[in-house]
Structure formats: C-alpha cells, structure tokens
Amino acid sequence: MPFLLLVLALFIGPITNILWLSVSEPKLGLDNYQTLFISESIPRILWTTLRVCSITTFFSVVFGYSIAFAMANLAANKRNLMLSLILISFWISVLVRTFSWLMLLGRSGVVNTTLETMGLISEPITFMRNELGVLIGMVHYMIPYAVLPILASMQNIEQSLLSASRNLGATKAQTFLRIYLPLTRPGLVGSSLLVFILSLGFYVTPAVLGGGKVLMVAEYISVQILITLRWGTASMLAVVLLFGVLTLIYVMSRFIKLSSVFGGAKS
Amino acid sequence: MKHSGAMRLNTAVAWIMLFFLVAPAFIAIPVSLTSKTFLSMPYEGLSLRHYEKLFNSPEWLSSFAQSTIIAFSTMCLATSLGTLGAVGLWRISSKLGEVIRALLLLPLIVPPIITAMAFYRTFVPLGLIDSMTGLILAHTVLAAPLVLITVSASLAGFDVKLEHASLSLGASRWTTFQRIIIPSIRPGILAGAVFAFISSWDEIVVTLFLSKFTVYTLPRRMWNGIRENTDPTVAAAAVILLVVTTFSFLIWSLIQRKKVYSGRN
Chain A
17 MPFLLLVLAL
27 FIGPITNILW
37 LSVSEPKLGL
47 DNYQTLFISE
57 SIPRILWTTL
67 RVCSITTFFS
77 VVFGYSIAFA
87 MANLAANKRN
97 LMLSLILISF
107 WISVLVRTFS
117 WLMLLGRSGV
127 VNTTLETMGL
137 ISEPITFMRN
147 ELGVLIGMVH
157 YMIPYAVLPI
167 LASMQNIEQS
177 LLSASRNLGA
187 TKAQTFLRIY
197 LPLTRPGLVG
207 SSLLVFILSL
217 GFYVTPAVLG
227 GGKVLMVAEY
237 ISVQILITLR
247 WGTASMLAVV
257 LLFGVLTLIY
267 VMSRFIKLSS
277 VFGGAKS
Chain B
26 MKHSGAMRLN
36 TAVAWIMLFF
46 LVAPAFIAIP
56 VSLTSKTFLS
66 MPYEGLSLRH
76 YEKLFNSPEW
86 LSSFAQSTII
96 AFSTMCLATS
106 LGTLGAVGLW
116 RISSKLGEVI
126 RALLLLPLIV
136 PPIITAMAFY
146 RTFVPLGLID
156 SMTGLILAHT
166 VLAAPLVLIT
176 VSASLAGFDV
186 KLEHASLSLG
196 ASRWTTFQRI
206 IIPSIRPGIL
216 AGAVFAFISS
226 WDEIVVTLFL
236 SKFTVYTLPR
246 RMWNGIRENT
256 DPTVAAAAVI
266 LLVVTTFSFL
276 IWSLIQRKKV
286 YSGRN
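Protein sequences appear in the order of chains A and B. No gaps in the numbering here: position 167 of the first sequence is 183 in the working numbering, and each next residue is one more. No gaps in the numbering here: position 245 of the second sequence is 270 in the working numbering, and each next residue is one more.
Among these hints, one or two may not hold up.
A few chain B residues facing chain A, derived, Cβ under 7 Å [said to hold, decoys possible]:
#, residue
1, 83
2, 132
3, 266
4, 268
Calculated from the model, a selection of chain A residues having no Cβ within reach of chain B, i.e. all distances over 10 Å [said to hold, decoys possible]:
#, residue
5, 47
6, 63
7, 74
8, 137
9, 270
Here are a few chain A residues that sit away from chain B, every Cβ distance over 10 Å (derived from the structure) [unchecked claim]:
#, residue
10, 39
11, 44
12, 147
13, 171
14, 172
15, 198
Simulated from the structure, these hints should not be mistaken for lab results. Backbone N, C-alpha and C define an ideal beta-carbon position, used for all residues, glycine too.
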C-alpha cells in the first residue's frame, strides 16, 4: 500500500527522528529533559499553556453544550441550519478568522470604536497582546469541535427516560440535572478532551493575538527551531507535547468512539 | 421534553452564539474596501484599490498560482492514496487493519507544530525545503487521512454482494474495482477530494517551516501581512480566501445532499 509507505517514510520516520533528537542533541543523554525542571522559562511556558487551554476548554464546552442542547430540541430544518453555520465556521481558514479578530479587537478596532462612540468606555480596552485576546480567538475556534460530540450524545438519549422522570413527579429542572446531564456525560468528557488536545498544539491564533506576550508551547518550539536553533530543547518539548496528546487520546477513546469524532467532525 | 421558558431562552442564546461564530470572519469584506492605505473600516468612502493592487502584484499573483498548483496536486495525490488505502483496509478488516488505520490517521492527531518540525528536519538533507515537491508531499501526508475517513464512511454503506456478483460473473478484480466499487463510493471520494484541496489551500503551520523564498503560498504571504498589520491588501486576500472556502463548502454540501438522496434509493 503506497499510502502506508508514504506515511511511514514521511511521517513516522521524521517523528521518530524527533524522539531521537530529544535525547541526542547536543549530546547523548537526558540533559534536555533536565531543563524541564531547572530552566526558568520552560515551566512558565508550560503553565501558561495548561492554563490557557483549560480556560478555553471550559468556555468552549459550556457554550458548545448550550448550542448542542438547542439543536437537539429543535425541528430538523432549524437544526440543519444551525449545523450549516457550525460547518461554515469550521471551513473558514484560521488565518482569515485570526485576521478578523485583529480588526475587531485592536486598539482602534471595531469593538473599541463602537463602545467609545456609544460612550460606554473612555479608554480603549486592551484585548490584544494579552491572554484575553488569545482566549477569545481560541474559544471562537474551538466551539464547533465542542458541539459535535455533545450533540451526538444528546441524540442518543432515549426520550422515554425523560418522560418517565416527569411522570414520576420530577420537575423539569430535576429531570435535566439528574437524568439528562448524566446521560450526556460521555459527550461532555469527549468534547472537553478533544478541545483540550487541539488547544495544546494550537499555533496560529495564540501567536498572532498573543503578540509575543502570551507564549505557549507551540510558539516556543517554533522560536527554538527557527530563531535560536536549539533543536534539543525544541524536540524535548515536542516529545512532551506528543506524549501528552497521545495519552489524552487514549483516555478519550475510553469515553467515546474515536470514529465518531473523526468521522463526525470533518465529514 | 416540552419547550419551557428556559429552553426558549437557551435556543435564542444559541442562535446569537452561532451568529458570532460566523459573522466576525466577514469583517474582512468592509476592511478590504477601505479607501485608506492602512487597515481601517471604510468610514470615509469605498474603493477597490486594494483589489487592484492584489491583482496587479506579481508577488500575490505568484502566491495564488503556487497555492493553486500545490493544493491541486495534493488533492490528486491524497485522493488516490486515501481511496486505495480505504479500500485496502476495508478488504483486510482485521485487528492488524485497525492498527494500520490508526497509524494512517496519526497525522490528523499529532499537533501541526510537531509535524512541521519533523518535516523540516527530514527535508533539509533531502533538499526538499523551499520546493513545490516538498510542500506537495507534506500536504499529501496531512490530507490523505481526510480522504481515508470520507471514503471509509462510504464503504461502510457498500453492499459486498455487489462485488461478489461482479466477480462471479467473470469480471476481474480490477474491472470490479473500476466499474462497481468506485462508482458506489464516488460521493465519499469527491467529498474527500474537496477536503484535501481545502486543507492544503489553507495550510499554514507546516508551510511556515518548509517555505522560504521561491515557494510562497497564499497563506504564507497572508501570515506576513497579518504580522505586519498595516497593508489592507491582506484584507482583500482574506476575502478571496473566504470566497474560495464558501465555494468549496457549497460543492461539498451538494455532494452530501446527493449522498443522502442516492442512499434513499
């Protein structure tokens, strides 16, 4: 199979090479992994990455849950319209979307000028070059990924369970909290993990909207390679990132069928 | 569940969120029409000067051409490889097959930045940096799994009896593949091809590492424009990207609709 050969030669091979580099560059040994603990900047960058990714995941999943809940309870034609909107935002290039946020959130961007004209603020709000801007861009990008696994789990719910709960005297709120929410837990966990995994390696939006002020691991790796040429540190971080992602994928596979994500998300 | 007040409120909020999911991207349209020479809203008059500049600039035009060639080649390669791979795996359908499938899907899971550095490191000694061939190969590795997914989904709905009938009526394996299997999974192949095209056309992270001077794709040039954050030509380019994306999305939706339709027959 030519496809398998191509992936082995041009993907698995190079990735293995990175694994090897992380213990051999500049000299053989685990020195690179030591910097993980003794360096001053690397723990800070990993912490920023984890913090930004966790907040992104939280908001994407909360917003995603609300959208999925509305979709699950609407008539088919309205649901399809909602699905189309989600898919369109999926398809729009991440560069175009990041560029739009620059236009909207800049010091003299649309949001600030509008608020100033309305007299709501006197000083422009700083959205850019800080974590707020990065979070807005990332949550916006991740919401579609959060919606789909949750929606799938909502559509699997047996409606009779909900009527049973109502018939037995539970209020609507009780039915939602005690029956509906627990039944959607696999979708919730699945979409949280998916968003978290995708956020961990996200490069474009944090790099542009963070403007160098919010340094996350992907951008740090690219600086190490393209500017300071420290392949050892870069490949060590890549290996840490890779194993983090693979572990999370494994955990995710225990909650949802992976094919429902990769089949459902992009096809 | 009956529609309660809380649910109506939630539905309204969901519509608003969906509006904000799609709307921001379209800010590029007014910005591209500004009459100023810096990035701004067209408060003081509309003008097409930035489109004029875009279509008269040799740099942007060559980026267009390169992106189109790379995306088109990637689409052809990824579609053939992905389709063959999907059919092969569908035939095997064993434990080993599932391991191979996971291996082939790996490029979708590994963060792009890691893929980019791995390609970079491997391509330098091969002399593939800053070459069209290098980018096409890299984009193919990233796009072929998308085709594998869509074609596999089509194959799941394919009736094996058709293949058996064709074989027992004396058709060769190759004829059966060409005349029976390919036509039945065509929607999956076409959808995969559209995906492959768009994924290469939009790809930036790997491209950032693999292109330098001679190869400069549209996203690569946009990236520079965005980082410099001054010239409105980049807004005009963003609008072009939006148009291409919308167009591909429409093609894809048509394919999907057909798939549902033919599925019912």
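Do the hints match the structure? See the list:
1. The interface hint given for residue 83(B) is broken, as the beta carbon of that residue sits about 21 Å from the closest beta carbon of chain A, more than 7 Å.
2. Taken as an interface hint, residue 132(B) checks out: its beta carbon lies about 6 Å from the nearest beta carbon of chain A, inside 7 Å.
3. Satisfaction of the interface hint for residue 266(B) is found here, the shortest Cβ-Cβ separation to chain A being roughly 5 Å, below the 7 Å cut-off.
4. The beta carbon of residue 268(B) comes no nearer than 11 Å to any beta carbon in chain A, farther than 7 Å, and the hint placing it at the interface is violated.
5. Taking the minimum C-beta to C-beta distance to chain B, about 19 Å, the non-interface status of residue 47(A) holds against the 10 Å cut.
6. Once the 10 Å rule is applied to beta carbons, residue 63(A) is consistent with being away from chain B; the minimum gap is 18 Å.
7. A cut-off of 10 Å between C-beta atoms confirms that residue 74(A) is not in contact with chain B; the least separation is 15 Å.
8. For residue 137(A), the shortest C-beta to C-beta distance to chain B comes to about 18 Å, beyond the 10 Å cut-off, and the non-interface label holds.
9. At roughly 15 Å, the least C-beta separation between residue 270(A) and chain B is larger than 10 Å, which holds for a residue marked as non-interface.
10. The Cβ of residue 39(A) lies farther than 10 Å from every Cβ of chain B, with a closest approach of about 15 Å, so its non-interface assignment holds.
11. Look at residue 44(A): its CB is around 18 Å from the nearest CB on chain B, clear of 10 Å, so calling it non-interface holds up.
12. Annotated as non-interface, residue 147(A) keeps its C-beta farther than 10 Å from every C-beta of chain B; the closest such distance is 19 Å.
13. For residue 171(A), the condition that its CB be more than 10 Å from all CB atoms of chain B holds, with the nearest at approximately 14 Å.
14. Non-interface status of residue 172(A) relative to chain B is upheld: no Cβ of that chain comes within 10 Å, the nearest being about 15 Å off.
15. With a cut of 10 Å on Cβ distances, residue 198(A) stays outside the contact zone with chain B, its closest approach being about 15 Å.
This entry does not satisfy hints 1 and 4, going by the numbered hints stated previously.
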